[in-house]
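This is what each chain is made of:
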Amino acid sequence: MLLVALVALGCAFGAGSKEAAAPAQSGPVTIKVANYALLESGYEQFWKGIKTGFEAANPDVKIEWVTAPYGEIMNQVINMAGGGDKVDVVFGEIGWVPGFEDAGLAAPIDEILPAEFIKDFYPDVIDSFKIKGKAYGIPLYISPYVLYYNKDLFKQAGLDPNQPPKTYDEMLAMAEKLSQLKDKNDNKVYAFGQTTASVPVSGSSLTAMVFNFGGQVLDANGKVSVDNEGFKQAFSMLQTLDQKGYNPQNAKLKDLRNLFALGQLAMYYDQSWGFNGVKSINAEAKNFTASASPLKGGKGSGQSLLQAHCFILVNNGKARANATSKFVQYVINEKQLNDYLANLTPAYPAKKSMASMEGVANNGVLKGAAASAGNVKMQTFIPALNDLNLELCTLAQAVTVSHTNVDDAIATFKKNVATKVK
Amino acid sequence: MDMGKPLDKHTLDNWYSMGLTLPALIISTVFILIPIVDSVVKSFLQYGVKNIISGKPGVWNQFANYRALVQSNALPNAIRNTFFFVVFVILFQFVLGMILALILNSNVKGARFFRSIMMMPWVVPTVISALIWMWLFQPQYGLVKYLASVFSFGKATDVAVLNNPDTALIGVSVAALWKQIPLMTLLLLAGLQNVPDDILEAATIDGAGKARRFFSIVMPYMGSVIKVAISMSIIENFKQFPLFWTMTGGGPDGATTNLAVLSYREAFVSMNLGSGAAVTTIWMLLMIVTVYLYNKAFKTYDMT
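Just so you know, the protein sequences line up as chains P and V, in that order. If you count the first sequence from 1, you need to add 759 to reach the numbering used here. If you count the second sequence from 1, you need to add 7 to reach the numbering used here.
These are calculated hints, taken from the structure and not from any lab test. Incorrect hints may have been included.
For lysine-lysine, the following BS3-like pairs were computed, each having C-alpha atoms within a straight-line distance of at most 30 Å [what the hints assert, rightly or not]: (1) P:LYS982 - V:LYS246; (2) V:LYS246 - P:LYS1174; (3) V:LYS246 - P:LYS891; (4) P:LYS1111 - P:LYS941; (5) V:LYS63 - P:LYS1077; (6) V:LYS246 - P:LYS1011; (7) P:LYS891 - V:LYS57; (8) V:LYS152 - P:LYS1173; (9) P:LYS1126 - P:LYS1111; (10) P:LYS910 - V:LYS152.
Quick list of the computed label-pair ranges, beta carbon to beta carbon [as the list claims (entries may be wrong)]: (11) P:ASN987 - V:PHE91: 35 to 45 Å; (12) V:ILE124 - P:LYS1094: 35 to 45 Å; (13) V:VAL77 - P:TYR1089: 44 to 54 Å; (14) V:ILE124 - P:LYS925: 50 to 60 Å; (15) P:LYS982 - V:PHE91: 34 to 44 Å.
The beta-carbon is built from N, C-alpha and C at its ideal position, and this holds for glycine as well.
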């Protein structure tokens, strides 16, 4: 224990002296990039290539990776910042932006990136990153939640594999036939997958489902606003799906990807890049996978929630901010992302100049859902977005596995969320 | 020069004892006492990540952290789940551990080998145990589902232990039992081996049956071992986090949210460190009261 204490004290004093010496530093500038993807299969090679290529093109800048698993990277960055060691870039998801902004870690992008670079992004997309008029993240690529479906299972059920459902009613009719199928090992085939497990990304997906029905979760001022038909209809639909045994209960997105890859799930909602997870389980999945736009429900037009992988930037002084700017412009570029979007992470570019890039235009998996990218709705950013998303998951579990009446479950949700979202 | 009266042996011994105790005292104060006090203080403040990064102190918020926990029903639910888990696991752990210890103590053939094998779950890291049991309980292709289907002649097709709010807590408890029974067995076996044979022989000659010998001689002689083993188990299960977080994340529908999960969720998911500290404070108080009551209720006697 004493040794640990001494080492800790030594580190603390050591760190202090290093900080003090920093302004006198000469030579290359080092930027710290927090990136969970380096620990995920399939992505490591791309990011290592980025580091090598960027450092070769910019000998005055060095990249130092900060890694942690997906679920821990936010805590890692925050803990480092608490100790006075702030990263320069976080590779993350759009839903992380309000948390970092609230923690005082995210800088407005126009503080770091040149105006002409930002101008090339679709204005609606940049607006999705805004908090009080300032954008706090810059997307690498975007996607709504798309509907992936298995063409082979559609054929087996006597359905046209080129005519996916457009509405929830059509989906239910098709699901009746699809749910009669068994896979080659005589396992049940689930007709439709919507994630409901207790993780924030499931809450985002549920929000997208509410948008499908024309409903909302938050109003424009960030206040909880769930007394609308679309909200209730979305959770009633979840209950119907559960009662009919169509939806795998309490599943994470990775569970749905697994079932879909193994031919035990006929349709499911996912971020477009979720297909990479499917492919990593079954390389043949590209032969039976097709995509479609999100379904229309109630009076809704099938709108969805914009999802994005993005960079969240931290302003650590002029030298590091300049290096960060170079890094961001190097990565969000057709040259770097073409193969990535074509082969690794199917998604839509966020920049106008990348709209016709080959990796997207000829992407067979995404073709069916191409129209959906323009039919997205903004979710108001609030600091407690993670909490809200987790409460949405609990609501979904209440109407499914707990068999609670939808009205009662929504009343409990409102009570619980009132203490979190002011 | 007058050096004054030399210190007597007793005073020197006291100084020496204090010198030896001082490092432990300093370390306990710095690493245990101060963090506990700091956590209790923060539980009354609005204190988030922003405060850590900016270095600004938290703001007194009129018990808002505690009020919010009670209003949302999160706290009563977590307390209920924690106590159910602790009682369920300890009860089965003790009964099964005692049965195994008695078998191993009866010089059954292969006992030494079985004793070595039996310890394997205990040495498996808790997160790995959780992943193993998640796989066993997997609702589509898990072993438990398969076995249920086989033994019910195909009638039980929908066995999803961790997805059902009525069974999820039992599922996590089973994983905890699998991991913890070996240690309990080992401790009880050590206790059993210290029960004097001559007393047992005397009781047998006096006509005492197996049950009478067990409850009137073996159990009282094992009192101190049982007390320590169960105390350790209470603490271990009261603070159980990795099994819950890995297997269910507190779901479904809050059915497996215990105080550890609630505290983590408040502090590191909601990023509300004040609220996380409030849960931790209540958690600590409940644990102190539980262990105190247990020690009060379980009196041991010197049997030597």
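Hint-by-hint comparison with the structure:
no.: 1; hint: P:LYS982 - V:LYS246; verdict: 35 Å, violated
no.: 2; hint: V:LYS246 - P:LYS1174; verdict: 28 Å, holds
no.: 3; hint: V:LYS246 - P:LYS891; verdict: 41 Å, violated
no.: 4; hint: P:LYS1111 - P:LYS941; verdict: 44 Å, violated
no.: 5; hint: V:LYS63 - P:LYS1077; verdict: 25 Å, holds
no.: 6; hint: V:LYS246 - P:LYS1011; verdict: 26 Å, holds
no.: 7; hint: P:LYS891 - V:LYS57; verdict: 18 Å, holds
no.: 8; hint: V:LYS152 - P:LYS1173; verdict: 36 Å, violated
no.: 9; hint: P:LYS1126 - P:LYS1111; verdict: 18 Å, holds
no.: 10; hint: P:LYS910 - V:LYS152; verdict: 29 Å, holds
no.: 11; hint: P:ASN987 - V:PHE91: 35 to 45 Å; verdict: 37 Å, holds
no.: 12; hint: V:ILE124 - P:LYS1094: 35 to 45 Å; verdict: 58 Å, violated
no.: 13; hint: V:VAL77 - P:TYR1089: 44 to 54 Å; verdict: 51 Å, holds
no.: 14; hint: V:ILE124 - P:LYS925: 50 to 60 Å; verdict: 58 Å, holds
no.: 15; hint: P:LYS982 - V:PHE91: 34 to 44 Å; verdict: 36 Å, holds
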